[in-house]
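There are 2 protein chains.
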Amino acid sequence: MIRNKPCVLWFTGLSGAGKTTLVRELSSVLKKRDARCCSLDGDDLRQTLNADLGFSEEDRMENMRRVAEVSRLFLNEGYIALAALISPLRSQRAAVKSLFEDGQFIEIFVDAPLSVCEERDPKGLYRKARAREIQNFTGVDDTYEAPESPDLHLQTHRESPSTLVRTVVAYLETNELISPN
Amino acid sequence: MIRNKPCVLWFTGLSGAGKTTLVRELSSVLKKRDARCCSLDGDDLRQTLNADLGFSEEDRMENMRRVAEVSRLFLNEGYIALAALISPLRSQRAAVKSLFEDGQFIEIFVDAPLSVCEERDPKGLYRKARAREIQNFTGVDDTYEAPESPDLHLQTHRESPSTLVRTVVAYLETNELISPN
Numbered sequence: 001m002i003r004n005k006p007c008v009l010w011f012t013g014l015s016g017a018g019k020t021t022l023v024r025e026l027s028s029v030l031k032k033r034d035a036r037c038c039s040l041d042g043d044d045l046r047q048t049l050n051a052d053l054g055f056s057e058e059d060r061m062e063n064m065r066r067v068a069e070v071s072r073l074f075l076n077e078g079y080i081a082l083a084a085l086i087s088p089l090r091s092q093r094a095a096v097k098s099l100f101e102d103g104q105f106i107e108i109f110v111d112a113p114l115s116v117c118e119e120r121d122p123k124g125l126y127r128k129a130r131a132r133e134i135q136n137f138t139g140v141d142d143t144y145e146a147p148e149s150p151d152l153h154l155q156t157h158r159e160s161p162s163t164l165v166r167t168v169v170a171y172l173e174t175n176e177l178i179s180p181n
Numbered sequence: 001m002i003r004n005k006p007c008v009l010w011f012t013g014l015s016g017a018g019k020t021t022l023v024r025e026l027s028s029v030l031k032k033r034d035a036r037c038c039s040l041d042g043d044d045l046r047q048t049l050n051a052d053l054g055f056s057e058e059d060r061m062e063n064m065r066r067v068a069e070v071s072r073l074f075l076n077e078g079y080i081a082l083a084a085l086i087s088p089l090r091s092q093r094a095a096v097k098s099l100f101e102d103g104q105f106i107e108i109f110v111d112a113p114l115s116v117c118e119e120r121d122p123k124g125l126y127r128k129a130r131a132r133e134i135q136n137f138t139g140v141d142d143t144y145e146a147p148e149s150p151d152l153h154l155q156t157h158r159e160s161p162s163t164l165v166r167t168v169v170a171y172l173e174t175n176e177l178i179s180p181n
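Heads up: the protein sequence lines correspond to chains A and B, in order.
Our numbering applies: residue 1 is where the first sequence begins, and numbers increase by one.
Our numbering applies: residue 1 is where the second sequence begins, and numbers increase by one.
Hints are supplied without guarantee of correctness; some may be wrong.
Copies of the same chain look alike in the list, so a pair counts if it works inside one copy or between any two.
[As the list claims (entries may be wrong)] Derived EDC-like pairs: lysine to aspartate or glutamate, alpha-carbon spacing no greater than 20 Å straight-line: (1) Lys97 <-> Asp52; (2) Lys32 <-> Glu77; (3) Lys32 <-> Glu133; (4) Lys31 <-> Glu77; (5) Lys97 <-> Glu57; (6) Lys5 <-> Glu77; (7) Lys31 <-> Glu69; (8) Lys97 <-> Glu25; (9) Lys123 <-> Asp44.
Since the hints were made in silico from the structure, they are not lab data.
Only a predicted model underlies this, so the values are computations on that prediction, with no experimental measurement involved.
Given the sequences, and given the hints that come with them, work out the whole structure.
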């Protein structure tokens, strides 16, 4: 029995905002409901498919483009693709969205203030960026353009991951992207 | 019920040798047997994921690398990935194979003499290559190195596609990559 429609949930937000955490919990919930879903984590893919890319604006766009194309391959198989990438610029996210059919691209803004993300600093990257050990770090020396009208706006400094995952699941149910439980 | 183990079947051979035809028929047979499989056709992917790549040796390697990395993502989901790319050089195929675990990469040589492929010329590419309208065309002005010890050697000028598909299925059964029917 088909338990979901093909779509991509595109999680955008600063490093440390909580994209990976949400995708991990959401993936677990969706699999328990027999939805077909796969996680496409930007950091992981930079070790494999996108290992040749850096962090220039051009390379970030190429990074996003490839993840979008891979997502489409999974959509062809009926999957919900969970893509977690900083995806800093509005124009880049619009370019990605244009690769999908209407209603298949769900933009999810994973939002926390820079100060909160920097305090969390799960990978020590903000510290390195402030120390100028790494460059082009979004929020420090590169721009992040918050979505103006995301499909979902999740504030990770206000709600727990499990609450936010329930919000996403409710969205998917309301939009008939997954079957009711 | 799991009907297959994750693996990639890597179809290598000249343009016109019959890779796409075999993958199409094989995919249909495997799906009827409830195996999870997806087709990763080199020509198709050059319109999407690999649209930025040309036909230099370097670009062909990058083309193969990306298809291999995408295959790995599908293997993570339990799929049999059916990858059909000319993949002309032994060293390149060895590099791709090294990205997979032992026993997961099955090299399938789709073999037909150049003269037969050129007579079939399903996309009119040999004609264009002979007329010098396109360059770097494998078999005409670029080398194809036949596999020395492929896992399977399919001769499309001697056997019908359906016979060869049965050969592949038998191989998968013998090696316990799919469940018996």
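Right, here's what the structure says about each hint:
{"no.": "1", "hint": "Lys97 <-> Asp52", "verdict": "between (23 Å within a copy, 19 Å between copies)"}
{"no.": "2", "hint": "Lys32 <-> Glu77", "verdict": "both (19 Å within a copy, 15 Å between copies)"}
{"no.": "3", "hint": "Lys32 <-> Glu133", "verdict": "neither (42 Å within a copy, 54 Å between copies)"}
{"no.": "4", "hint": "Lys31 <-> Glu77", "verdict": "both (15 Å within a copy, 12 Å between copies)"}
{"no.": "5", "hint": "Lys97 <-> Glu57", "verdict": "within (17 Å within a copy, 32 Å between copies)"}
{"no.": "6", "hint": "Lys5 <-> Glu77", "verdict": "both (10 Å within a copy, 17 Å between copies)"}
{"no.": "7", "hint": "Lys31 <-> Glu69", "verdict": "neither (23 Å within a copy, 23 Å between copies)"}
{"no.": "8", "hint": "Lys97 <-> Glu25", "verdict": "neither (24 Å within a copy, 33 Å between copies)"}
{"no.": "9", "hint": "Lys123 <-> Asp44", "verdict": "within (13 Å within a copy, 38 Å between copies)"}
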